[in-house]
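Given the coordinates of chain A, assemble chain B onto it according to the supplied hints.
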Amino acid sequence: MAHLVFENVSVRYPIYNARAQSLRHQFMRIATGGKIAAEAGHTVSVTALDDVSFELKSGDSIGLIGHNGAGKSTLLRTMAGIYTQDSGRIIREGRIATVLEIGSGMDPELSGYENILRMGMLMGMSLKEARSKIPEIEEFTELGDFLNLPVRTYSSGMTMRLMFAVGTSFQPEILLVDEMFGAGDAGFQEKAKARMHDLIANAEIFVFASHDHTMLGGLCGRVYELKHGKMNYLPDFKDKKLERTGA
Amino acid sequence: MSSRWTATQNDLLDALRKLPAALFLSWSDTKARYKRSMLGPFWLTLGTAIGVGGLGFVWSTLFKMDKATFIPLLTVGLILWGFIAAIVTESSQLFIQNAQLIRNLRIPLFFYPIKLVLRHLINLAHNAIVILIVFLIYPPDWHWSAWLVIPGFVLVVLNLSWMSLFIGMFASRYRDTETAITNFMPLLFFMSPVLFKAEQLGVGSWIVWMNPFSYFISIVRDPLLGHPSPEFVWPVAIGMVLVGWAVTLWMFNSRRTRIPYWI
Numbered sequence: 001m002a003h004l005v006f007e008n009v010s011v012r013y014p015i016y017n018a019r020a021q022s023l024r025h026q027f028m029r030i031a032t033g034g035k036i037a038a039e040a041g042h043t044v045s046v047t048a049l050d051d052v053s054f055e056l057k058s059g060d061s062i063g064l065i066g067h068n069g070a071g072k073s074t075l076l077r078t079m080a081g082i083y084t085q086d087s088g089r090i091i092r093e094g095r096i097a098t099v100l101e102i103g104s105g106m107d108p109e110l111s112g113y114e115n116i117l118r119m120g121m122l123m124g125m126s127l128k129e130a131r132s133k134i135p136e137i138e139e140f141t142e143l144g145d146f147l148n149l150p151v152r153t154y155s156s157g158m159t160m161r162l163m164f165a166v167g168t169s170f171q172p173e174i175l176l177v178d179e180m181f182g183a184g185d186a187g188f189q190e191k192a193k194a195r196m197h198d199l200i201a202n203a204e205i206f207v208f209a210s211h212d213h214t215m216l217g218g219l220c221g222r223v224y225e226l227k228h229g230k231m232n233y234l235p236d237f238k239d240k241k242l243e244r245t246g247a
Numbered sequence: 001m002s003s004r005w006t007a008t009q010n011d012l013l014d015a016l017r018k019l020p021a022a023l024f025l026s027w028s029d030t031k032a033r034y035k036r037s038m039l040g041p042f043w044l045t046l047g048t049a050i051g052v053g054g055l056g057f058v059w060s061t062l063f064k065m066d067k068a069t070f071i072p073l074l075t076v077g078l079i080l081w082g083f084i085a086a087i088v089t090e091s092s093q094l095f096i097q098n099a100q101l102i103r104n105l106r107i108p109l110f111f112y113p114i115k116l117v118l119r120h121l122i123n124l125a126h127n128a129i130v131i132l133i134v135f136l137i138y139p140p141d142w143h144w145s146a147w148l149v150i151p152g153f154v155l156v157v158l159n160l161s162w163m164s165l166f167i168g169m170f171a172s173r174y175r176d177t178e179t180a181i182t183n184f185m186p187l188l189f190f191m192s193p194v195l196f197k198a199e200q201l202g203v204g205s206w207i208v209w210m211n212p213f214s215y216f217i218s219i220v221r222d223p224l225l226g227h228p229s230p231e232f233v234w235p236v237a238i239g240m241v242l243v244g245w246a247v248t249l250w251m252f253n254s255r256r257t258r259i260p261y262w263i
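Protein chains in written order, with our numbering: chain A, 1 to 247; chain B, 1 to 263.
Note that these hints are calculated values from the structure, not bench results. Please note that a few of the clues may not be correct.
What the hints assert, rightly or not - Computed list of lysine to aspartate or glutamate pairs in EDC-like fashion (alpha-carbon distance at most 20 Å, straight line): (1) Lys193(A) to Glu142(A); (2) Lys197(B) to Glu231(B); (3) Lys133(A) to Glu179(A); (4) Lys31(B) to Glu90(B); (5) Lys191(A) to Glu138(A); (6) Lys128(A) to Glu138(A); (7) Lys133(A) to Glu225(A); (8) Lys227(A) to Asp212(A); (9) Lys31(B) to Glu109(A); (10) Lys35(B) to Glu114(A); (11) Lys35(B) to Asp145(A); (12) Lys31(B) to Glu139(A); (13) Lys35(B) to Glu109(A); (14) Lys128(A) to Glu139(A); (15) Lys57(A) to Glu7(A).
Said to hold, decoys possible - One-sided excerpt, in silico: chain B residues whose CB lies under 10 Å from chain A: (16) Ser60; (17) Lys64; (18) Ala68.
Claimed, not checked - Not close to chain B: a few residues of chain A, all C-beta gaps over 10 Å, as computed: (19) Gln21; (20) Leu56; (21) Arg77; (22) Glu93; (23) Gly94; (24) Asp107; (25) Met123; (26) Ser126; (27) Thr168; (28) Ile200; (29) Asn202.
The C-beta atom is built at its ideal place from N, Cα and C for all residues, glycine as well.
The shape of chain B in the complex, shown without the other chains:
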């Protein structure tokens, strides 16, 4: 049992030591995806800008909302949702897609979730340009609490990392996980405060807080837009990190060596 835990620790540490390689590979993956296009990875930025621009103007007109509050809310919300949803959805292919690598090279298995999260951080960095532009047009009124965006984002990344590893393992054993996830994501989208603020639902806002991703959006977006988060958001996000990592590590420890056979 203890030697198994040592091996698991080695896997995790080796993967962290390979961080430069993961960064290089995720950057080269990003480049490969846009290899034969003129704008390269900036297609991401452009695509997001078009989406946010179009939706922002249509919806703010439709719902008769003030553009200066609605468009920044929607932009940050949509981009964060894209980041979260992409990691969660792609995690269901985490080990399956890398099956050839896993079966042929000895690479720590924790390397793959790291690589996935890094690749989406790179995408997010491209999309952040859109946020900057929107903030130039509709400047938010920042309070001193805006710096909370940094620890908030760190919590989100820590949460998404365990989720990625957890989903990746589960989905390589049970192949219909992927279908289940792609079916549930749209539902979770409508349960997320992307198109609205949770307060707008009034008494029904508990529905939003049933969705773990609502916390991720709230904890980053609220300080960024200069309004306060509900006070329970932080403890829940920290709790999710602790419980999530504990469960995932336990599962990773007991089933890690089976992964090469599952895929």
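Bound-form chain A, shown alone:
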């Protein structure tokens, strides 16, 4: 049973400017009593999530919308345990897979096959397990002989196929996907949708951040909007969507 609970979770992260990242400036600041390089210590802190609470259970599929910088990626990373909350409590039960950025974890010089093994092992599989996933990934990505070529020769759509296939190949119980389907062609989008439907049907948790309202409507049971670090439920998202397309 997958389970993901946020209780009053807040995430703030510091943004350092070039001066704050400079050791020389820090030394100057100490040496001059902070008078000359007064600016150096200033770091801006951004509150990406502000007192967010929710509970996700098996079978939940959640969509996240919100404009750029609203905190969608931060929320996904906090769910995955990459970012640690400043306050609040998070309970995670279930294997987590993330498909967040295209090409992360891949070595462009190595072939598709070698990258499958790399990614698999990074995600916690043994070499044997990762090898056993290869036929399934071959079939899902339809990349054929391209899998023998270095990943640097791939188009972004092909890289994304491979990433998505590897990311979802070890039956994650919690799947977190950030906006990235733009790169796939229509055929692949259909396949990805079908696979996600499978995952959702297998009683897993699925969280998807996107700007594509049609995809969100098609894949997600509930849609939330992220705004100023708060999550707001949009109960009539699907109805509105229908109205808009109807009009």
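Here is chain B on its own, set in the frame of chain A:
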């Protein structure tokens, strides 16, 4: 506080559990680097052999030194220095270079220093072939104390591991650390007993022992070449492991969760 320490411990333990993955990845990194070359990773061996051969003959002639003592000294010294310097220098990019991975997959952060050290151990293994060849040409007179090379090397690896994590964290917060390190490494090279033995400096030898890397070279090379290390080398190396790890763990514990934001 205690839950933070538990999380830190989990990070360390998870990373150690991922040792096979780290080994696989560092091997595949090594392969990737030499992917489009004929000799593959053996370019490393060849490069080292050429460097050691050339420097050995030029310098031993220049300084009028006995080749049979100077060339093994230089070979082992240079290869060890290469191993140490590569880990220290590359550690300043440890988390920055892996930023994409860190921000996208949940992997314990201690995994990265392990991977870095393993990759350089693989390189060192390739370079060790040169040492073997040199030892065949100029056989060292080994004493029973030659086995000390094993605990000595373990101490070096333990020291380099904390250094890697420490430098990696520090450099991701303060980006000019990398420049500072690349500027100081040549100085430390000349302060290391690579081209000479510390004793040759006479009273000035304290300069060499100011440099932490001198201990690493001495503790491995001396037993390997069959001459005794100064008696303070071992306590200092062990002390460095203990103090270094204590400070690094304290820092890692208090700042670990900030690393994904720094990079």
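Exercise for the section: Would you mind confirming whether the straight-line C-alpha gap from Lys133(A) to Glu225(A) stays at or under 20 Å? Expected result: violated (36 Å)
Practice task
Please confirm whether Asn202(A) is truly not at the interface, meaning its C-beta sits more than 10 Å away from all C-beta atoms of chain B.
Solution key: holds (21 Å)
Exercise for the section: Would you mind confirming whether the straight-line C-alpha gap from Lys57(A) to Glu7(A) stays at or under 20 Å? Expected result: holds (14 Å)
Handout entry: Interface exclusion of Arg77(A) relative to chain B, criterion Cβ beyond 10 Å
Key = violated (7 Å)
Handout entry: Distance restraint between Lys227(A) and Asp212(A), which requires alpha-carbon spacing of 20 Å or less
Key = Roughly 17 Å between the alpha carbons, so the hint for Lys227(A) and Asp212(A) holds.
Practice task
With a cut-off of 20 Å on the C-alpha distance, tell me whether Lys133(A) and Glu179(A) pass.
Solution key: violated (25 Å)
Problem - Nearest-CB test (10 Å) between chain B and Thr168(A) - result: Non-interface label stands for Thr168(A): nearest chain B Cβ at 14 Å, farther than 10 Å.
Practice task
Evaluate the condition: distance from the CB of Ile200(A) to the nearest CB of chain B exceeds 10 Å.
Solution key: holds (22 Å)
Exercise for the section: Assess, step by step, whether the Cα of Lys191(A) is no farther than 20 Å from the Cα of Glu138(A), and give holds or violated. Expected result: holds (14 Å)
Handout entry: Given hint Glu109(A) paired with Lys31(B) - CA-CA distance at most 20 Å
Key = holds (9 Å)
Problem - Beyond 10 Å from every chain B Cβ - status for Gly94(A) - result: Answer for Gly94(A): holds, closest chain B Cβ roughly 13 Å.
Handout entry: Interface-negative label, Glu93(A) against chain B, beta-carbon threshold 10 Å
Key = Fine: 14 Å to the nearest Cβ keeps Glu93(A) off the interface.
Checked against the numbered hints given earlier, this structure breaks hints 3, 7, 12, 16, 17, 18, 19, 21, 24, 25 and 26; the rest are met.
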